[in-house]
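Enquirer: Using the sequences and the hints given, assemble the complete structure.
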Amino acid sequence: MRLKLFVPLFVLLLSFCVFTACNQQKSDEQSHPAAPSGPPAAPIDPVTVASASGTVHFDGVAPATVPIDMSNDPACKGDNKAETLVVKDGKLANVFVYVKDGLGNRVFAAAANAMTIDQTGCRYQPHVAGLLVGQKLEIKNDDPTEHNVHAIGVQNTQWNESQMPKAVPIEKSFDHPEIMLPIKCNQHPWMKMYVNVVANPFYAVTGPDGKFEINGLPPGDYTIAFVQEKLGEQDQKITLGAKDKKTLDISFKEQ
Amino acid sequence: MDSSVVAARGRKPSFEELALKSLSTPYNAAHHRFAVFIACITFCLLVAGALVTSNDAGLSVPDWPTSFGSLYKLPHWVGGVRYEHSHRMVAEFVGFLTIILAVWTWRADKRRWMKWLGVAALGTVITQGVLGGLTVLFYLPPAISSAHAAVGQTFFCIACAIALFTGHEWVEEVPQTAVDTQRPTLITLTLLSILILYVQLVLGAMFRHHGMSWWPHVADAPIVAILLTWTAIRAMTQYSKIEAVRRPAILMLGLLITQLCLGFLAFTTRVAWGKDAVQPETAMIASTVAHVAVGALLLAATVILAIQVWRHVPVAHTKKVAGTEPKAVVAA
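Chains as they are written, first to last, in our numbering: chain V, 1 to 255; chain F, 1 to 332.
Misleading hints may appear alongside valid ones.
To be verified - Computed list of chain F residues with no C-beta within reach of chain V, every gap over 12 Å: (1) P26; (2) I41; (3) V103; (4) R107; (5) T127; (6) G129; (7) V151; (8) M236; (9) L253; (10) T258; (11) R311.
As the list claims (entries may be wrong) - In silico EDC-like cross-links for lysine to aspartate or glutamate, where the CA-CA straight-line distance does not exceed 20 Å: (12) K275/F x E254/V; (13) K136/V x D118/V; (14) K172/V x D63/F; (15) K246/V x D45/V; (16) K172/V x E161/V; (17) K275/F x D69/V; (18) K230/V x D276/F; (19) K81/V x E281/F; (20) K81/V x D276/F; (21) K73/F x E92/F; (22) K172/V x E138/V; (23) K253/V x D276/F; (24) K237/V x D249/V; (25) K81/V x D69/V; (26) K275/F x E233/V; (27) K246/V x D221/V; (28) K77/V x E281/F; (29) K91/V x D59/V; (30) K91/V x E213/V; (31) K73/F x E161/V; (32) K230/V x E281/F; (33) K275/F x E229/V.
Worth flagging that the hints you see were computed from the coordinates, not collected in a lab. Each residue gets a CB set at the ideal place from its N, CA and C atoms; glycine is no exception.
Expert: Below is the structure:
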């Protein structure tokens, strides 16, 4: 191959690699999911509301607990076990469960109360949280050391603020739905939690027993989504009649 | 090129050659040692920067150009702040040294192109500082972070080049030469080597800053290996008697082999073993920082080789005059 051809051919190859392999971040200018159209949904009648509850299981051998090294800050004296995959007696904790579809074009106002996250023992409490679009998020620092709170939104604007011990809580809100929005601390790289911003108040986070419960759902056909930070998402369809109380169990397994 | 006249291999320089050579610039040992010092400190800065990324500490100091609201107060050095703030302090020191170098070079060096190289070094380090600030202000966008990596290594190459150009060998000695009649020429190979290394640098930086998958950087590695090996072997075998060419070629080949091994190690610890790591682990940090550092040395060695090849291995072109046989003519 003549060398004069080599450079332009190589540049073409490189451009192809960049085009196909680049992991473009979505910007806020990209389209957000449009509000569902169609005739207005009927208001929710509290007399007929139903509920869905259940347990999220983990199939297979529970993974060994991963220890965290907190030695880079002597003030960090928290529980030093990773929360990426928390399995106890076959039950999976920290799974975000929410109504993905089925509520029609109902619009729900942001909750008046704030969702509070606390930084204690150099960990975020809770590890997974849900809040409504526009709802206030309050972040406290009860640790004896400084943190920086970095929200890495894709659909929402990124922000990064430092917070001194016992400082005034940081108050933020998110304008767009986004599932598993990471919040991390760059001073303590093991510190990470996930905020799930949703458009409706029908969501839950499984506890150590793997259980969840979603109340107040109007009768209808729903898609319930179960999202775990490492194991991904699974969806289940459910039909709820008036005053139904249905159980919905699901299992995740390590990929 | 300096006003030094090209001398044939092994011949004692003539009076005219010596006279012309003395018009370049006198050797300034202090200036040269200062340039070497800056190159060394810049390497330390590259390592400090790599530690920031490998420890995921890039945004531990959330503001710029201040640090936690202050231009001069030292923050509490725990966690990621240790890496990020120390990187900023070393960067400020390098910037300060570069100002001194640019002024000193402008005043002391008689070579016009060297004066402007000093200015270029200053411009590069200022650009690098601004890029570093932008990475903080825009939350580590992959493109800007990768540019910061590339410009940082470019500045390191400039610093090494200035150290070379102020050295005793470059300033005082008449260069030993050998005409290059092969195709592709050695200078072409060295320039292509620099190009492919920059491509590899950008692909690696884009992966490290989460803007791209790992496979383009890995796929490009064999191309880098083949081209650099070809260049090094050509330089070492054809021009083994020219020390100024042979030494950087050997260094380049050694660094290439080291870098390929470190690349394998970095991939294993970071991509294979570390994909589910909850925090940066020692093996991941050590291998990736070493890979970045040796990559910088490799690029600098290749640039130095290219400079030396340009000086010592002029290219022969065939010149045909009507009615005569073609003859080799050395490029000016």
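Enquirer: Quick check: which numbered hints come out false for this structure?
Expert: none
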